[in-house]
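2 protein chains.
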Amino acid sequence: MTSDLVSKEISAEEAAELIQDGEVLGVSGFTLAGYPKAVPTALAKRAERLHANGKPFQITLFSGASTGDECDGALARAKAIKWRAPYQSNPDLRSAINRGEIFYTDAHLGIMGHLVRTGSLPRPTTAIIEASEVTSDGKIRFTTSCGNSVEYLRMADRIIVELNSIYGDALCGIHDCYLPELPPYTHPIPVVNVLDRGGKDYVQVDPKKIVAIVRTNQGDTIRPFTEPDAVSKNIGGQILEFLAHERKKGRLPAGLPYQSGVGNVANAVLTAMARDSLQEPVSLFTEVIQEAVFELIKADKLVGASGTALTCSADAREYFKQNAATLQKKFVLRSQEVSNHPEVIRRLGVISMNTALECDIFGNVNSSHVCGSSIMNGIGGSADFSRNCLLGFFMAPSTAKNGAISTIVPFVTHLDHSDHETHIFVTEQGLADLRGLDPVSRAHKIIENCAHPDYRQQLNDFLDYSMRSSKGKHIPFALDRAFNMHLDFLEKGTMKE
Amino acid sequence: MTSDLVSKEISAEEAAELIQDGEVLGVSGFTLAGYPKAVPTALAKRAERLHANGKPFQITLFSGASTGDECDGALARAKAIKWRAPYQSNPDLRSAINRGEIFYTDAHLGIMGHLVRTGSLPRPTTAIIEASEVTSDGKIRFTTSCGNSVEYLRMADRIIVELNSIYGDALCGIHDCYLPELPPYTHPIPVVNVLDRGGKDYVQVDPKKIVAIVRTNQGDTIRPFTEPDAVSKNIGGQILEFLAHERKKGRLPAGLPYQSGVGNVANAVLTAMARDSLQEPVSLFTEVIQEAVFELIKADKLVGASGTALTCSADAREYFKQNAATLQKKFVLRSQEVSNHPEVIRRLGVISMNTALECDIFGNVNSSHVCGSSIMNGIGGSADFSRNCLLGFFMAPSTAKNGAISTIVPFVTHLDHSDHETHIFVTEQGLADLRGLDPVSRAHKIIENCAHPDYRQQLNDFLDYSMRSSKGKHIPFALDRAFNMHLDFLEKGTMKE
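Heads up: the sequence lines are chains W and X, in that order.
At position 397 of the first sequence the residue is numbered 903 (our numbering), and the sequence of numbers has no breaks.
At position 345 of the second sequence the residue is numbered 851 (our numbering), and the sequence of numbers has no breaks.
Hints are not guaranteed to be accurate.
If several chains are the same, the list does not tell them apart, and a pair holds so long as it fits within one copy or across any two.
[Said to hold, decoys possible] Cross-link-like lysine-lysine pairs, in silico, PhoX-like; alpha carbons within 25 Å at most: (1) K951 to K835; (2) K979 to K951; (3) K588 to K835; (4) K998 to K715; (5) K755 to K714; (6) K755 to K998; (7) K1002 to K755; (8) K715 to K739; (9) K835 to K807.
Honestly, the hints are just simulated from the structure, not real lab data.
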């Protein structure tokens, strides 16, 4: 490190002192990958000290997506967050949001950076970005995520770099820091294949904007990959079988890339692909490259993987570092504006697989809110993909809470994906191909194929009652009983009659 | 017309005889523009004759969007439609759908052709396309719409051409018959400006597929342009004022194209633009080019207009024909896959304006279903634009049915556009800029700014009750009272307490 950079090296505590009450912070990080760790923790402690002295201190926190406990958790517990967007998954932050103590704006992840760039959301004044390299002339290379970091670096007045040495130079070259131009004068995004690149592997900033460099050597807090459970394996198997069926019918060309959401079921699908001896090589055009990707690599079945984040447990990190030279050629980490861009998703013909919280019998999906009022994590990128994919799956176990909740309901309590754009539902009970069906046919198929047998009668009763009582018969939908199953659950702890 | 074409000239009745029971028909037409008129009317009569003789006859009808009474109306009254997609506006067809007699699949208009091309929906076997020209080597030029006609012509086994002479050659050159390639091997859509073209102004088909040519000389059934009413003018004025405000704030670059939905309010905005002496020249990148565009042309304020349909009353048609040489250079009619494509809409930075049936206090919009069960027209292209635009407005009068209905409700009974993607609501009461707001702030702003004073108390009462009773406070949403206003309306004919 050159002397001008050394002079900016300070402690996390000193860096935290640079942040003012009321600021908008733009941080790196996407789903526990590549988020700043030391400065947010120090900032939380500073907020607690200030609060103890009766002084106000709260910031607005914009990120790529969720960040780890050292950031979202620490700042939430310190009551240092006024407003949070666009995604979160930390239990303490989530609780504070659901108590109504923190403003939270849930946003499509692919549009968040665009909203900030075009002035629909406020501009971050300070960017806190985890980097694997920073040079005296202002080149910054990221770690395990791109997220909205390019946008925040460009727009912020001040930049705090967390220089994390844990990956060494293993991630060097993996990033593509291209951002689409802004209207009115723009050109197509130059990505027509999964591994295409549009920009450089670093971001160039004005070095004068870098006000602090804080050294760290700390991995992302990612739990190790675990073997998928029986339900996830079942759902994954059904999806592979359906894809083979569609291919036979001539409706699905070979070589389309996959997007898989975060979580067990998505991991199970990729694992099943890795283990299936008939599976052709797989491309991923996704948001988060999860650890199951290494199963595909070990089975020599990965063509390439594009995402905005790479989530690695400690073991996977070591594997990556040992095989960096090979793996760098198989991965691209992009800005989430590009990884989740409708233009590229539609162009590539992505096959999309996302987890649902609940699905209703008419084909609507709730990805984000429990009983309509409590945020779980957020809509994330699910709609970026489901709305623009060639073929889309929504996956869920048919029940939750040991059977007390049916994930198939008369009407979703929060609607993230509408009947106009959902293609296929899969539970461990079965698969419902909804494409082209009218609402009544959709309802019959979803109840028959996807609902748990314990709940089929209740759902059919709702449909029968609706057929008799609702004004229009196009969508037989009885407003007076739409949420009865949810109200039962809230009152009695179970949806069962 | 050459002799080989003359030999295919038959009457509409003879052409109707070529269609078999159970066929999938792909017809031209988009929102009463460019739809076939003679053959569907003859087909309806044939169906009635067959039904009178106890013989079954029903077809599936895929179009661009709605068609005129000669097609949708006649076929619905003849009980000749089994399944209809993706949009409709004919009262008789709508009633049959809402009685549950016709399967209807409401679809995003920009994706319909893509779904057919990729096998998610069945392939039309016969295409019935209104054309202004057909040549012996199989070149077909459309009339007032492109819709999904290119797709249907390519995929159908048989083509019936309605050769309509009413426009003469005035529409010659106005069409761009480009279709995006299909995955997995595709390239960017070559449209970076409103008037850019990617293809030829005609479709080349195998002339052997043309089985019939039916001559007509009949205009689209479009009602004459009427002066906007006071409410529409009010809403239009507010939008123009807000745009000027955003431009002053530096959040809105000049020169962005507009999309305006179908209807009075959208017409009012364009009319206001035409009459505003300060208004800069306007580009339209829209779905339906409505008659108000001629106001812009007469005021010399139109840079160019791109759409998939041009709706002209008899007077407007004469104006177009008289000024065809000039107007052809100002208009492009594209396939609806392109006019409504997320790639192009996002790239151009479209400002989108669409009419809502109802909006809820949390920011969700219903564009399609009355009381959740009866289809009105359909979602149309509203989501294609609202989801990908740079700035989006949803517009509605604050009440309907002489005040018996509040268009601002606690929760929409059908959700077409979710709180994650709606930007701005406008009623004659005021405008609510929802960008970046958390759910509670959105609710307060929508009630305060947009709801009719007669309903504000009821809506605030719902919000207060929800704040007290709902499990999570992130979206204070009381499931047990979500639809009370709608249930009151269904029971008592008014939402008023």
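To see whether the hints hold, each was checked on the structure:
no.	hint	in the structure
1	K951 to K835	neither (44 Å within a copy, 50 Å between copies)
2	K979 to K951	within (17 Å within a copy, 35 Å between copies)
3	K588 to K835	neither (41 Å within a copy, 53 Å between copies)
4	K998 to K715	neither (56 Å within a copy, 64 Å between copies)
5	K755 to K714	neither (59 Å within a copy, 27 Å between copies)
6	K755 to K998	neither (47 Å within a copy, 52 Å between copies)
7	K1002 to K755	neither (40 Å within a copy, 54 Å between copies)
8	K715 to K739	neither (49 Å within a copy, 48 Å between copies)
9	K835 to K807	within (14 Å within a copy, 52 Å between copies)
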